[in-house]
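2 protein chains.
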Amino acid sequence: MTKEKIKVGIMGFGVVGTGTYKVLTENSEMVKNQTGAEIVVEKVFVRDRHKRRAVEIPESLLTTNPEDIIDNPEIDIAVELMGGQEPAYSYMMRALDNGKHVVTANKELMAKKGRSILEKADSAGVGLGFEASVCGGIPIIRAFKRSLCTDKVERIMGIVNGTTNYILTKMAQECSSYEDALKEAQARGYAEADPTADVEGYDAAYKMAILASIGFHSKVDINMVRREGISKVGKRDIECGKELGWTIKLLGIAEETEGGLEVKVSPVMLPMEHPLASVNGVNNAVFVNSEAVGELMFYGPGAGQMATGNSVASDIMEIARQIASENKMLPNCSCFADKVFAEECSSSFYIRLNAMNKPGVLGRIAGVFGSFGVSLESVLQKKTEGESAEIVWITSKVKESSFNKALESIKSLDAVNEVCSIIRVEANGHC
Amino acid sequence: MTKEKIKVGIMGFGVVGTGTYKVLTENSEMVKNQTGAEIVVEKVFVRDRHKRRAVEIPESLLTTNPEDIIDNPEIDIAVELMGGQEPAYSYMMRALDNGKHVVTANKELMAKKGRSILEKADSAGVGLGFEASVCGGIPIIRAFKRSLCTDKVERIMGIVNGTTNYILTKMAQECSSYEDALKEAQARGYAEADPTADVEGYDAAYKMAILASIGFHSKVDINMVRREGISKVGKRDIECGKELGWTIKLLGIAEETEGGLEVKVSPVMLPMEHPLASVNGVNNAVFVNSEAVGELMFYGPGAGQMATGNSVASDIMEIARQIASENKMLPNCSCFADKVFAEECSSSFYIRLNAMNKPGVLGRIAGVFGSFGVSLESVLQKKTEGESAEIVWITSKVKESSFNKALESIKSLDAVNEVCSIIRVEANGHC
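So the sequences go chain by chain: A and B.
According to the UniProt record's numbering, the first sequence is numbered sequentially starting from 1.
According to the UniProt record's numbering, the second sequence is numbered sequentially starting from 1.
If you're looking for bench data, these hints aren't it; they were derived computationally from the structure.
Where hints are given, some of them may not hold.
If several chains are the same, the list does not tell them apart, and a pair holds so long as it fits within one copy or across any two.
Straight-line alpha carbon distances no greater than 20 Å define the calculated PhoX-like cross-link-like pairs of lysine-lysine that follow [stated by the list, open to error]:
| hint | residue 1 | residue 2 |
| --- | --- | --- |
| 1 | K3 | K328 |
| 2 | K32 | K219 |
| 3 | K399 | K411 |
| 4 | K32 | K339 |
| 5 | K145 | K32 |
| 6 | K152 | K32 |
| 7 | K152 | K22 |
| 8 | K183 | K235 |
| 9 | K383 | K358 |
| 10 | K152 | K339 |
| 11 | K383 | K242 |
| 12 | K22 | K7 |
Put together the whole structure using the sequences plus the hints.
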């Protein structure tokens, strides 16, 4: 007999949990019409039964015992929206052991333990959805898994963290300092009291590990992602970038290079004409280059109760449709390849430094770059103040090791007072 | 026993057919790894066996007899890439009658006969994919069917025709006339010798009928789509738009209004800041407003051998994965709702007219607008030449019937020499 009700247990009832509940209950008729069965939230695991919620929910659904979901034979789909590693991971694995389908929004867990989770799900023959783990409301995981699955992805460039994009947008549009923009982000609830996970690029690195794994069919370990945050980006760099026709974004980039797969997160100078350059505020966007399709961009809200809740709900519905048709679940893991990782990255760089305002200094610095094989695209003497001069250098695409050696040597020159900033440049990202 | 080979027959071997063949053969290993079975092109139906092809293909695969595909019990998936209504429709229906899964890129057929095709597919329990029928390489159908399926779509705005977007981009960027831009588009192969289907909005209307049907879960008959092309857009309107901070795009818009569902295709003045405004050349983009997610945009190539070929291939793979798992096909049709269609549209309008350069004329015209209840946002006297003056009017959002009555009355004024152009304005599309 075909199942008439598919029962869901939600673990964690914060922003995303309440959003998921709202989407599923408010749109239940529409969902039922497409699923062929009713999707019912049967239990919600919370830490505190009496906490005030952003959503109305019958008392009877709440439980403080996770076993009411993960060990409950009535539950078909366990939805993990608690975040963090533990106890989320243990709950998820136990739910899988018990033959439950799992949907999660947990980027940290998918980035760190994705392989073991997916393998367990596949060997149990259950579904595992994680659309909500990357870019909130943008259906980017499904785009890779169901549409770009027949294509060869060459490069993924993403603005995958809304907090840092908000800060950089504010710095660019209102000439704010990093500190002021961060304060504003905290006041609006976009940044945490301890903003490290966002501003130092950890959150973006998790998301890029997930996107790169799916896009390149190869498990990307979070340790393989080079990571750099935005806390060193100065107001002055944004100004200099503007004069060059560039804007600064915290970009995740995953690409196949001659040396292997490269995945990195860092501030990047991007030409104003690039489609990613006009993605502002807390929005996210992922720009993909692939062999057959060419250029695609997916743009939308990177977070939010309802937006992320919808991504969770769509994963639940995808699994529910298979259950309603009494189908086997399709394999979840698509990481069949074992790509080599690049030992080192190549990039163009923007370097802003402060040097003595004396004849011959420019030439001496240029000479050091040259002696380490770092060729230069341009040099701009920005302003001089008494005895010192601000100079901006743009290099060609160079190996990071050569660049770093040149930089060490430049720092040790008497004529160089300070190397103020170093930012990657992506001048040719968009053809 | 699980199927090891899933056999595909391709009908039509032009641009999209050869692209599909290339994607499937060049990426066969990757596809097999994800599908759990090999996808093999078994037969290709062509009109002329000896025609030179853009792709190398074994002679033995070619056939001039469509029955080698539609009646061939070996074939699992029949892929219709012939275009047009007949014989494509008959072949497709016979393939469905014979229990074959069908994948098509045929927007005209899906817009005109979508309901009968989907109903037959569902009653036969087979899969029916049509991702390639809208926006070439952009996975927009799947985004609606698998991700926005749990959300309430409020509005779809799309640049869904590359040819007209190329022409309008050229007019805007190079101050070309419509005629010159069209010639250039024809020279580059973007426009046909008879460009009617593109420039008069028929192609865009097919695509909007499909998108609106899926987005609003309600079969949108092609006759319900209001359609207007770009052939009357003047160089001068693009100039005037620029001064107002607007750009002109041929937009498909589908939205729920108080009066019901409205679907239309027409040139639209769009603010430069809108994400769709910077979609240039032959690119396509679809901008969606929905209740939970908010704003999403999908951007990419609207046509092309490999891009559209990939959309076809991804549909084939989706069906093949279910076959490989010995699953039932999930229902294809999601048009469970029966929405009421709006009897008339409301819009803001831009009107450029030529009137006598005399005191009192502005006031008289404004009076006529007012007497038909059409309120005005702004009036701009653009330039005067001797006895005549060019005047641009921007109305508030008004009912089209009131607007048309006002316009008739204005045309009959002695002081009005000519109404040069009328273009819709979408000033509030993006919040």
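Taking the hints in turn, this is what the structure says about them:
1. K3 / K328: both (14 Å within a copy, 15 Å between copies)
2. K32 / K219: Classified as between; 18 Å across copies, 35 Å inside a copy.
3. K399 / K411: within (18 Å within a copy, 68 Å between copies)
4. K32 / K339: For K32 and K339, only the inter-copy Cα distance (18 Å) is at most 20 Å; the intra-copy one is 41 Å.
5. K145 / K32: Classified as between; 14 Å across copies, 24 Å inside a copy.
6. K152 / K32: between (36 Å within a copy, 14 Å between copies)
7. K152 / K22: Result: close only across copies, 12 Å inter versus 37 Å intra.
8. K183 / K235: Intra 15 Å, inter 47 Å, cutoff 20 Å: intra-copy only.
9. K383 / K358: This pair counts as within: shortest intra-copy Cα distance 13 Å, inter-copy 56 Å.
10. K152 / K339: within (13 Å within a copy, 40 Å between copies)
11. K383 / K242: within (15 Å within a copy, 36 Å between copies)
12. K22 / K7: Within one copy only: 15 Å inside a chain, 43 Å across chains, cut-off 20 Å.
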